[in-house]
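A.B. asks: Here are the chains, one letter per residue:
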Amino acid sequence: MEIFDVFLLEAVLNGILLGGLLALLSLGLNLIFGVIDVVWICYAEMIMIGMYAVYALHVQQHWPLLPAMAAGIAIVALLGGLLHQFVIRPVLAAEPINQLLVTGGVLFFLQAAATLAFGIEFKNLGVKLPPVAIGEMSFSFPRIIAFAVALAGVAATYLLLTRTYLGTAIRAISQDRAIMPLMGVNPGRIFVVTSALGGALAGLSACLLVLQYDIHPAIGLSFGPITFLICVLGGLGNMLGGLVAAFIFAQFISVGGYLFAIEWGYVIAFAFFIAVMFWRPQGILGRK
Amino acid sequence: MLALTGVCAGYGSFQALFGVSLEVKAGESVAVIGPNGAGKTTLLRAISKLIDLSAGEVTMEGRSLKRVAAHEVIARGIAQVPENRRLFPRLSVEENLKMGAFLPAARARFGERREYVYALFPRMRERRAQLAGTLSGGEQQMCAIGRALMSGPKLLLLDEPSAGLAPVVVQSIMEMVKRICAEGYTVLIVEQNIRQVLKVVDRAYLLETGRIKSSGTSAELLASDEIRKAYLGI
Chain A
1 MEIFDVFLLE AVLNGILLGG LLALLSLGLN LIFGVIDVVW ICYAEMIMIG MYAVYALHVQ
61 QHWPLLPAMA AGIAIVALLG GLLHQFVIRP VLAAEPINQL LVTGGVLFFL QAAATLAFGI
121 EFKNLGVKLP PVAIGEMSFS FPRIIAFAVA LAGVAATYLL LTRTYLGTAI RAISQDRAIM
181 PLMGVNPGRI FVVTSALGGA LAGLSACLLV LQYDIHPAIG LSFGPITFLI CVLGGLGNML
241 GGLVAAFIFA QFISVGGYLF AIEWGYVIAF AFFIAVMFWR PQGILGRK
Chain B
1001 MLALTGVCAG YGSFQALFGV SLEVKAGESV AVIGPNGAGK TTLLRAISKL IDLSAGEVTM
1061 EGRSLKRVAA HEVIARGIAQ VPENRRLFPR LSVEENLKMG AFLPAARARF GERREYVYAL
1121 FPRMRERRAQ LAGTLSGGEQ QMCAIGRALM SGPKLLLLDE PSAGLAPVVV QSIMEMVKRI
1181 CAEGYTVLIV EQNIRQVLKV VDRAYLLETG RIKSSGTSAE LLASDEIRKA YLGI
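Chains as they are written, first to last, in the working numbering: chain A, 1 to 288; chain B, 1001 to 1234.
With the rest of the complex left out, here is chain B:
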């Protein structure tokens, strides 16, 4: 579904990604894991065209995203849950969902998808009139995921969904991610919390200083010495 080949990108003279290639097939859940500063967020920003590539290519369902503006990416079926949720704090939960359905095609199905999100996260129905800025961290994450689902995406990009949340909340976030995958969404998730994320995804890539260092199924990576020593502290 999504393919990156030799992607290089950065900010000004600072290069963050060096020839990254990876692939996400339809129905798969894939993680990009790695330490802080490895370029994980930059990778998602490059896919969403929030930053330009200096080399390489991103294709979605075989079509290049080269000439697609950032605000047109979502129409190709890619929705992103940004780092730190980034809800609109002074809009209500329901208005945040409305923003997720801004595309004309999504507006027509707003009612139906809202019910779907509320069924998935009943807490959001209770809080639908509440300002998003007043939600707890875990609730904000539900709202952010719900907002991304409102466009009816084929591919969901999740940027550090566990960042800044208490360990017990991280558990429930990972459960949420698992449910999203089970719902049939194709998911690409970027995460520092390697132990947790490898429990919920099919495959993962290890990103270090802007380069893919290794890849494999979750079981393979959990068993590899490299990951166990450097990241799991075993």
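This is chain A alone, in the form it adopts within the complex:
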């Protein structure tokens, strides 16, 4: 038996790379929930729309990749604003279960719309990036890009929330919505801006995922549940908790998958999730 297992190290490093992406995925959902107190069940489907948008502009309309991605982010941001204005706003005062069902309806609407527009065949950008080899270890180049961009996205969101008037208002509104008008803040406008920001984060996630995965109308189901579980694990609405949970979850998936079989990684990760829910139902960093 070797003392130093280079492939275990590879699995740990891959887990860290995956963790960055999962952190970005959970950030938008946590932001929306933390501020507006509504869970976008259709969050992963907004990412799916972003992936199709990048595909349509780059492959079908022959736009260069980066402008296509920028437009993809803008499209999902707009979609987030529209979702709030036309779907969430009318049910803001409704029971949480009704809010969940409404966004669940949007999930199926978006899936059906994508199927109508693009069919059920798998699509991809056809962008092939060679793996990066470091010694005996090998890393997917898109994953490294995704990790770096995801961390930059998380850092930019953090700076926005802590350094700007808009970001301070976004944090304040989740603490006391009723007195926001006394500060000269129109709460409805902050909600729309927050939703667009959540959409932009979904769009950024889409740009990173589309480099690694084929697109199909049901792709949201392959990372929607895990995004949601990470948010709950960290404490729903707690952005820092989401980051911590994303990296923990990613290690379970990556190292668990290496030590046993790839499917076992998910089994262990979800078993851990269930155990944490017994121990701390409010999440790792959640408030009661």
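Fair warning: there could be bad hints in the mix.
[Unchecked claim] Beta-carbon label-pair distances, calculated as ranges: (1) Q85/A <-> S1172/B: 55 to 61 angstroms; (2) K1213/B <-> L160/A: 24 to 30 angstroms; (3) L100/A <-> K1199/B: 50 to 56 angstroms; (4) L100/A <-> C1008/B: 27 to 33 angstroms; (5) T1059/B <-> F247/A: 55 to 61 angstroms; (6) T1059/B <-> W279/A: 58 to 64 angstroms; (7) S1013/B <-> Y266/A: 31 to 37 angstroms; (8) L100/A <-> A1182/B: 39 to 45 angstroms; (9) G126/A <-> G1111/B: 49 to 55 angstroms; (10) R287/A <-> V1169/B: 24 to 30 angstroms; (11) Y158/A <-> D1052/B: 22 to 28 angstroms; (12) L160/A <-> G1037/B: 39 to 45 angstroms.
The hints are simulated quantities; they were obtained by calculation from the structure and are not laboratory data. Virtual Cβ for every residue (Gly too), placed ideally from N, Cα, C.
Following the hints, complete the assembly by docking chain B onto the known chain A.
C.D. replies: Leaving out everything else, chain B in the frame of chain A:
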């Protein structure tokens, strides 16, 4: 500066104010006093447009507030310190002040006004990085007043600044109010603690069950039998 004429307002089918008229002139400090449930908080909420009037009118510097949305009132120069302070508990003291300066016009003068607030309440400078929810009651009141001053208001509305505070703290809060008035702010203060508030304001209105029952200078009201018997227990 501020004038209310025949203001009626309430919540749903419950009417809390019945034709209230009052006036606050520039540079004055005026109190609305009265027992619990008299409609004092509703009165300030009506001025700030947090609730709609069912009749009557509010004017600020001669201009009606009828078509002004709640979040636009502060741009007319009216800042309110709400009941129970209502600081953002998980924002720092300085971030709370930042929220008070949210208006674009106020952002440009944030640094200067922050220094003014810190000079007025040196304790706030010491606690500037502390979360507002961890401050003591009196400190929270300083922070709430400071936050309201950050917009550079012409008129400051204070809702029950002494509520829920220990008697010794109430004394110092009233001293703070006195200093704010001395700084030249026009102040409208709503207060149950009648004896204390009449020591610091120029004039007062007595509000009972949604109607103005009497008004006068602080000295007149302190001397009136009605107030002495019902509220001061003399």
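A.B. asks: Compare the structure with each hint and give your call.
C.D. replies: Structure-based check of each hint:
In this structure the supplied range 55 to 61 angstroms is violated for Q85/A paired with S1172/B, their Cβ-Cβ distance being about 47 angstroms. Between K1213/B and L160/A, the C-beta spacing of about 52 angstroms breaks the proposed range 24 to 30 angstroms. Taking 50 to 56 angstroms as the suggested C-beta distance range, the pair L100/A and K1199/B conforms, at roughly 55 angstroms. Distance hint check for L100/A and C1008/B: the Cβ-Cβ separation is about 41 angstroms, which falls outside the suggested range of 27 to 33 angstroms.
In this structure the hint that T1059/B and F247/A lie 55 to 61 angstroms apart at CB holds, the actual value being about 58 angstroms. Between T1059/B and W279/A the beta carbons are some 59 angstroms apart, a value that agrees with the proposed interval 58 to 64 angstroms. Between S1013/B and Y266/A the beta carbons are some 56 angstroms apart, a value that contradicts the proposed interval 31 to 37 angstroms. Checked against the given bound of 39 to 45 angstroms, the beta carbons of L100/A and A1182/B, roughly 55 angstroms apart, lie outside it.
Between G126/A and G1111/B, the C-beta spacing of about 53 angstroms keeps the proposed range 49 to 55 angstroms intact. A hinted range of 24 to 30 angstroms for the beta carbons of R287/A and V1169/B is consistent with their spacing of about 28 angstroms. A hinted range of 22 to 28 angstroms for the beta carbons of Y158/A and D1052/B is inconsistent with their spacing of about 39 angstroms. A C-beta distance of roughly 44 angstroms is found between L160/A and G1037/B, which places it inside the suggested range of 39 to 45 angstroms.
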